[in-house]
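Read off the chains here:
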Amino acid sequence: MNGAAAQTDGYAIEVKRLIKAYGEHYALRGIDMSVKWGEFLAIFGPNGAGKTTLLKVLATIVKPSSGGVSVAGFDLREDAVKVRHRIGVVFHQPLLYDDLSAYENLRFYGRMYEVPDLKDRINQLVAQVGLESRLHDPVRTLSRGMQQRLAIARALIHDPPILLLDEPGTGLDQQASAMLADIIISTLTKQRTVIMTTHSLEQGAALGNRIMIMADGKIAYEESKQLDISSLREVYYQHTGVKN
Amino acid sequence: MQSLKQNARITNGLLGLTFVVMIAAQFLIFVYVPTERTMGVVQRIFYFHVPLGWNAFLAFAVVFVCSILYLRSRDMKWDRLARSSAEIGLLFTTLVLITGTIWDKPAWGTWWTWDPRLTATLILWFIYIAYLLVSAYATEASQGARYAAVLGIIGFLDVPIVALAIVLWQTQHPSPLIFEGGLTDSMLLTLIVSIIAFTLLYASLLILRTSLRQDADEIKKLKQYME
Amino acid sequence: MRSAAGKTLAIVWKDITSEMRTKEIATSLVAFALLVIVVVSFTLEPGQNTSSIAAGILWVAFTFAGVLGLSRSFVIEKDKGCLQGLMLCPVDRSILYLGKMLSILAFMIVVEAIILPVFIVLLDQSGFPPQLAVIALLATIGFAAVGTLFSAMAVNTRAREVMMPLLFLPVASPVIIAAIKSTGLVLSGESWGAIASWLGVMAAFDAIFLAVSPLVFEFVIEE
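Going down the list, the protein sequences come from chains A, B and C.
Numbering-wise (the working numbering), the first sequence opens with residue 1 and increments by one.
Numbering-wise (the working numbering), the second sequence opens with residue 245 and increments by one.
Numbering-wise (the working numbering), the third sequence opens with residue 472 and increments by one.
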């Protein structure tokens, strides 16, 4: 189930008129977007804009109220399992089991994703995120920065072509955040598609080759080229009324 | 909505019919049917107790069906119907317990007997409470509807097993409520009319409660648009 | 279906490994069950511990300890967001249900195996009838079958500690009744024939809810 096979035709992600309502409250009010293979999309927006909800829908954790979503060519509603094989997700919570070691966590998820040659794969990933020395320590003894790096390893264990990151740098200091960004960049291949939501305009502008600003459950602004940071700040303020 | 007028006509018709049959039932219960030999006047509670019990169960069956339909379609109308039925079901179940207790005391000298029907009804009462609480304590409306629906299905499947367990338990302790000589014709007639009356009452209450819910939901929606 | 079994076992293995490190669930359940037995015994006069009363005490202890353990099962997942981690995995939701159910079943059986001999001694029963093992197994399977479902529900609602017993106890009542009655019979020397219908009740409960719970589980954990 190696998902990184080259897929250059079609869109990595297609969203049509996506609406998500929680009772009377609308978290997403009609999202239309497409992401091509190999793009790195940075999504900005204030709290409550719907960024996390959008990511959770793409991650198949939240069911849409209405609208069509296809990820890696598969429809979310009909082929959710196939979608899950092809996405790797990092939330601001690391989704790791405290009492198990880093190795045991990766082994568990590796088994759930049917990863072949698991032992080698774990060693390879752990080296990539720089955690070899702590491989057999329980996760509760790792710092938050290390936990997030381990979370990236977990997200990549099955080599998915699509990576979804929801504010991965939350709670990290400057240095840890920079390390995280470096790791993310190092895992990028020509085919790997990334969607990252973030509060940090700098980081998003630096990493992304495409940006989107969300506000109030809708897409307020989209741009398919890289913007410099000052114009980005202006546009952000324009659309959200928030200075960042 | 032209259908509103039609709906009002049907609802009013149903209410009227309920009223008439209920009056007839009261007449039969208190005037027509003769007093039972062994238990005396108190026995007339039987004509309330049984129809209430039947409808408490019917209400839960409605909850069961609506729960399945809700999970399939996610249409809130099924949730509204289910919850309204559960509220009425809880009311009727409470009344079954009360009438059962009132019936027991003069007949056997104790307020409560662990006889099969009453104990099973008590457990049903708790399942109803759990059902209504789970939707109240959910973090938001659609989750509450989902959880309630799941409990509606599980609870309904549970009821026959509860009944089985309790009947088994009671074969060792025979039920104190036995009729000598079975039911006479007049008793049977009264019972049937009463059952029909209470079933109509259930249906009327269900329609009224559900449309009240629907109105409340629509008001909430309008409020949201105005914000 | 080899991969489905493998994934189920992976979940069970993860839970058992975690538990072996902390021994959190086992110790709290054993301590709690013992406490219940001791405290309720205070209400008895010496010589009053007949087999039917003793059976009641045992199953009150197992029921309350069971509720505790079942709640813990999903609180652990919810706390670090691990439940979402499980939902991201490309597995059928019923596999998640099965994995969690089997691990909590294993924990409860271990706890019961520890408590039962202690109970026989504390309440001065005449011996350990082998039928007890079958009764405990059938009842615990029933507890795990609906308890896993309700635990996942309760952990997502606002009053999670109180919600779990509120949901569980009424629905599991036939199993509790059957367990108490059959245990009482068996402790007073009756054999298989006397408890056959009670075993039937528990088996029916287990069969129905083992079939239905995995099907509705996805509705409970989705958002």
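Hint data in this document are derived by calculation from the structure and do not stem from the laboratory.
For each residue, glycine too, the CB sits at the ideal point set by N, CA and C.
Accuracy of the hints is not assured; some may be wrong.
[Unchecked claim] So, partial list: chain C residues that the calculated Cβ filter (under 10 Å) puts toward chain A:
no. : residue
1   : Trp484
2   : Lys485
3   : Thr488
4   : Leu539
5   : Arg543
6   : Val546
7   : Cys560
8   : Glu661
9   : Glu694
We went through each hint and held it up to the structure:
| no. | hint | in the structure |
| --- | --- | --- |
| 1 | Trp484 | holds (8 Å) |
| 2 | Lys485 | holds (5 Å) |
| 3 | Thr488 | holds (6 Å) |
| 4 | Leu539 | violated (19 Å) |
| 5 | Arg543 | violated (13 Å) |
| 6 | Val546 | violated (13 Å) |
| 7 | Cys560 | holds (4 Å) |
| 8 | Glu661 | violated (44 Å) |
| 9 | Glu694 | holds (5 Å) |
When held up to the earlier numbered hints, the structure conflicts with 4, 5, 6 and 8 and fits the remainder.
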